[in-house]
Amino acid sequence: MTSRRRTTGFLLVGLLVALVVAGIGSYYASGSPDGLEWSAEKEGFLDTAEDSATADSPLADYSVSGVDDGRLSGGLAGVIGVAVTLVLAGGITLLVRRRHDTADQHADADAGAPPTPGA
Amino acid sequence: MCNKVDVVHVPDGFLDAPTSVATGVLAAGTVALALRKAREELDERTAPLAGLTAAFVFAVQMMNFPVGAGTSGHLIGGALTAVLVGPWTAVLCMTVVLLVQAVLFADGGLTALGTNVTLMALVAVGVGYGLFRLGVAVLPRTRTGFLVGAGVGAFASVPVAALAFVALFAAGGVADISLGAVAATMGGIHVLIGLGEAAITVVVLGAVLAARPDLVHGAAHLRSADALLRRPEVAPR
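Residue numbers (my numbering), protein chains in the order written: chain G, -7 to 111; chain Y, -15 to 221.
Extracted from the complex, chain G is given alone in its bound form (with noise of 0.2 Å):
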């Protein structure tokens, strides 16, 4: 009992530092090319670059569309984020998981069809 309860406070604890990073931190991270769009750009081939599809999505680029604050946008993006992918890797991983005991893991494999990844 004790040691769940330790687990969630170091869970939680873990989640407060990605939250302050992809929404405050964020905002200080450097601004230069970084090192494949440095090269691609030295070498000649940055141009070949095309406009994802989801270019025009409301969070492209780290920023929420229709907010006009810059510190605030980008912070949400972050915040954001981290909640999708909290919520979809921890889905994804809590379906995989081992149960304790066997019957479960008989039951576990019967509906445990799990996700194909979207490639």
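In short, the hints are calculated from the structure, not lab data.
There may be inaccurate statements among the hints.
Stretches of chain G that chain Y covers, calculated by requiring three or more beta carbons in the stretch to come under 8 Å of a beta carbon on chain Y [as the list claims (entries may be wrong)]:
(1) 7 to 21
(2) 31 to 42
(3) 50 to 56
(4) 68 to 76
Taking beta-carbon pairs under 8 Å as the criterion, some of the chain G residues facing chain Y (in silico) [what the hints assert, rightly or not]:
(5) Leu3
(6) Asp26
(7) Leu28
(8) Thr46
(9) Ala47
(10) Leu80
(11) Ala81
(12) Gly82
(13) Arg89
Glycine included, each C-beta is placed from N, C-alpha and C at the ideal position.
Following the hints, complete the assembly by docking chain Y onto the known chain G.
For chain Y alone, kept in the frame of chain G given last:
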């Protein structure tokens, strides 16, 4: 201050359709295998940690750090995730991060998703975790040995993933340019970014190891050594 977060994965257009299809098939196969294999790594306690690790990697990938002249880099997180939650689970975590980034944030192309999964969920995880295991096999079975192994794996995973991109570019790059130059530029800058990757990986793993060593997948050998050392003290007579 700059508010434009610039996490750039491989966009659409860099690679031709056959190459993108091939990496898509490879990525889908890897994820399918990981969905079966990750079961052995995940139980009631570690499954929530895996979800958190993916969210953490998403967050830290937003933190581009400056690397020399007008360039930046960001964590990939393949080695970090594999050491924390196991390599097959790491494939799933990294794939979710890349999927969320591509679909919601237009970071990394949709047709390039297979390429990005191949580079960061397969190559970076595989190289990072492989070198970590090699490291802990030859290094002292201590906290320091563990962290050095993880740091080496994290460091090497970045330039190797960058060179894997160059190999894909050689197979299906749409631009007609010197591959040697691309390899030198990509490899060189990603050696520097790899140093940042290693630093972040070691700091995060060090913190988790200090707080909850029992939750760290790659630290099982430390726990058994610890238990052997401590048992005489705590065992009631």
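Hints and how they fare:
1. 7 to 21: holds (count 11)
2. 31 to 42: holds (count 9)
3. 50 to 56: holds (count 5)
4. 68 to 76: Contact hint for the stretch 68 to 76 of chain G vs chain Y: holds, 7 residues under 8 Å.
5. Leu3: With Cβ-Cβ at 5 Å, under 8 Å, it holds.
6. Asp26: holds (5 Å)
7. Leu28: With Cβ-Cβ at 6 Å, under 8 Å, it holds.
8. Thr46: holds (5 Å)
9. Ala47: The hint holds - Ala47/G has a Cβ within 8 Å of chain Y, the shortest such distance being about 5 Å.
10. Leu80: holds (5 Å)
11. Ala81: holds (3 Å)
12. Gly82: holds (3 Å)
13. Arg89: At 4 Å from the nearest chain Y Cβ, Arg89/G passes the 8 Å test, so the hint holds.
Violation of the numbered hints given earlier is absent; every hint is satisfied by the structure.
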